[in-house]
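> Going line by line, the protein sequences match chains A and B. According to our numbering, the first sequence is numbered sequentially starting from 1. According to our numbering, the second sequence is numbered sequentially starting from 1.
Don't take each hint at face value.
If chains are identical, the list can't say which one is meant, so a pair holds when it fits in one copy or spans any two.
Unchecked claim - Straight-line alpha carbon distances no greater than 30 Å define the calculated DSS-like cross-link-like pairs of lysine-lysine that follow: (1) Lys295 <-> Lys349; (2) Lys46 <-> Lys23; (3) Lys107 <-> Lys23; (4) Lys89 <-> Lys349; (5) Lys124 <-> Lys349; (6) Lys46 <-> Lys107.
Bear in mind the hints are in silico, worked out from the structure with no lab data behind them.
Here is how the chains run, residue by residue.
2 protein chains.
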Amino acid sequence: MSMNIQLPAPVTWQEASSETRAKLLSRPVQAVSAALREQVAAIIDKVASEGDAALLELTARFDGVRLQSPELSMDKVAEIAEQAPARVKAAIDQAYNNIRAFHLAQKPSDVALETMPGVYCEQKFAALARVGLYIPGGSASLPSTVLMLGVPAQIAECSERVLISPPNPQGELTPAICYAAIKCGVTGVYLGGGAQAVAALALGTESIPAVDKIFGPGNSYVTEAKQQVSQRAGGPAIDLPAGPSELLVIADDSAEPAFVAADLLSQAEHGPDSQVILLSPSAAMIAAVREALAKQLATLPRAEITNQALASSSLILTQDLAEAVAISETYAPEHLSLQLDDCEPWLPKLTRAGSIFVGHYTPESGGDYATGTNHVLPTYGFARNYSSLGLLDFYRRYTVQTVSPEGLADLGNTIVDLAAEEALDAHLRAVSLRLESTRFQRDTQK
Amino acid sequence: MSMNIQLPAPVTWQEASSETRAKLLSRPVQAVSAALREQVAAIIDKVASEGDAALLELTARFDGVRLQSPELSMDKVAEIAEQAPARVKAAIDQAYNNIRAFHLAQKPSDVALETMPGVYCEQKFAALARVGLYIPGGSASLPSTVLMLGVPAQIAECSERVLISPPNPQGELTPAICYAAIKCGVTGVYLGGGAQAVAALALGTESIPAVDKIFGPGNSYVTEAKQQVSQRAGGPAIDLPAGPSELLVIADDSAEPAFVAADLLSQAEHGPDSQVILLSPSAAMIAAVREALAKQLATLPRAEITNQALASSSLILTQDLAEAVAISETYAPEHLSLQLDDCEPWLPKLTRAGSIFVGHYTPESGGDYATGTNHVLPTYGFARNYSSLGLLDFYRRYTVQTVSPEGLADLGNTIVDLAAEEALDAHLRAVSLRLESTRFQRDTQK
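Bound conformation, chain A alone (with noise of 0.2 Å):
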């Protein structure tokens, strides 16, 4: 294979202007056009109105395949599940197992407590009852997703589990896929991808049920179609906001340069938007590791994609590692690798990022698919104000409170006080008036 390799040069921090810095720490650019914002709205309004008929109609026409309804019966998953090879079963089971276990480990306690004698308040966690997961289709098969979404809602119990993703050229989903969903006990499982999927599980259709609220990666109109639905009047909510994939790494001289370059590169395949930064206080380091990433490069199979994603990456000289954390901590990656010896005094220092990868010995990849974490995390810089996926996103909280008649005698005053401050009498009277009762004079008494 001939490739021009592109590199980006390496960068001393204290030497670049405050331009080059903000350079260095950009993103790519978001703009979803008016023309896509319209095609999205076409679509979720014709299958507003055309149900089932409208998503066959946007499959053929956007997946090449022409099904006879949108439903995979779940005898059909289970079958098709059982055609996966031993080894990819072994890897789905093992994943399984660690996500399920550390997803566990994340269950919610109610939460109760008398605050003022007689008066009780509790927090109480009801899972949400109907889910809808989307598996994003294309080239490859994504059963690790299938994974991340579908183990929390599993172990939340919500009641209705609805996978949906595109067919196959077969009409059907993967082995993995399909085994993966059994393995989550999805309750039912469905063919249909882009704005016309999310679309479907929102409004639901005469096959698929609407769901209070959608999970799930997709591409530039999965992401729009989302977003629509989510701002419709009694729309189901949405995981996370969408953004390209992001590594950001931390390397001192201990670090092993064809590790570093192994996961910038993991990262890099992703898409050409994706976006790795290696930060070291070593030249030597970041030499030794751009010298790997020329040499692991040139044989990968998606080496155009991840040449596109180095060329607009950056690799940065730092002055020290309080330097580098600094930076990780301005840039809020979604994925942050440290490679050090010494972790530990940096960890407390670093909480911006959507996940953290400890140690010369902790993949990306690991976190992708199986030490137990989940893989759907912020990026674009949203790791400062959103939330890695986790079990709580499964959960709503509502509260409940008791107030005995002794306990409105005490806390009366303060409800009519702050009523009267606030203009609002009505407020104030529903408190007076079972004061002033002779039904309370009567229950006071008991």
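Starting from the structure of chain A, add chain B where the hints point.
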């Protein structure tokens, strides 16, 4: 006062057509006009390009107050706070204590688990760094909203806790708001309202720091501005989708008609689009509540607004309590009041509500102010898929994993086989290259 009191006629659920049933539970349409959307977008653009100057100009235009600076210094806030009447201070103190106690009890714990030998996974909670608390202005002072947003931000120890609220005619905020702000230890107080205040929090100005998440209720401009800024690339998160306030009461013959009427009125007085629903298996109770409503309404200062809200509300006769409970679960009210002698059997079946008020002596206004629960709740049916505001909303969750060389030796095949299934070679090589390295040989022989 002469007013044409408009109370809805009671409807028997079993006799209602499906159209009538849908209408009884339908919510006021929340149409955002294209004009409002464009006006809000223009305001956001103006604040983005002109900063403080834009905010001051728009405050002069919409709030009728010409300010020198949008900042109200913390010294000034403390000085104004002192002017609050003793009764109001005492009420805020008591409400603060209850809200603080209940939100402290919600403190999350980090999770740590060895999912396999040598594979350590952690889920950690980090407070959001910078939060913006929007407090609506208008006719009344709303110290309760300061507490509902400020107390959890204080417990989480968000490092910047910025409050913004429209100025009163003196170019200040009320003593009660200032007193509550001081109690919650907010770090900055600013003057501004509407879309321009939301834009200032989202984008920052010369005076106002940009924040990571915006909390708080507001009118249609505020709501639309929150939606728009949260959709921007790298924009702030927001708390909840907004809608008009709602109360659903389930009452049986054990209820006190005057108490039920008082609660329905306290919800209806919020605004003409507020919605109140009474469900009861007792025709006598519905008739008695109707009578009490007319009697109490006549003496309320906000009777006009309240009357409008009542006109579009529903009084529904159900077959039994089970039917009432099922209707409530379909409607998913923001506030749910159970005025029954025996609530216990029904509570496990009632989870789709923002907050539940149990028994005859738990007025809905108790939760608005002082029981300890939060009054920022999902409305408009969002109680089926969004959470009531709580301490967790002031944190982000992120994960950390550490794999030992031995752990990678055990987990490696799983990652390799899944990466092969997903055709992501660089992901695979990040593992195989480590396992085949001389460094791995050395590190596992230690």
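> Work down the list of hints and note, for each, if the structure agrees.
Structure-based check of each hint:
Within a single copy, lysine 295 and lysine 349 get their C-alpha atoms no closer than 34 Å, and across copies no closer than 62 Å, so neither meets the 30 Å cut-off. For a Cα distance limit of 30 Å, the shortest separation of lysine 46 from lysine 23 across copies, 25 Å, qualifies, whereas the shortest one inside one copy, 41 Å, does not. When the C-alpha separation of lysine 107 and lysine 23 is checked against a cutoff of 30 Å, the pair qualifies neither within a copy, at 41 Å, nor between copies, at 39 Å. With identical chains, the CA atoms of lysine 89 and lysine 349 are never at most 30 Å apart, being 39 Å at best within one copy and 39 Å at best between copies.
Proximity of lysine 124 to lysine 349 under the C-alpha cut-off of 30 Å is restricted to the inter-copy arrangement: shortest distance 13 Å between copies versus 33 Å within a copy. In this homomeric assembly, lysine 46 and lysine 107 never come within 30 Å of each other (Cα to Cα): the closest approach is 39 Å inside a single copy and 45 Å across copies.
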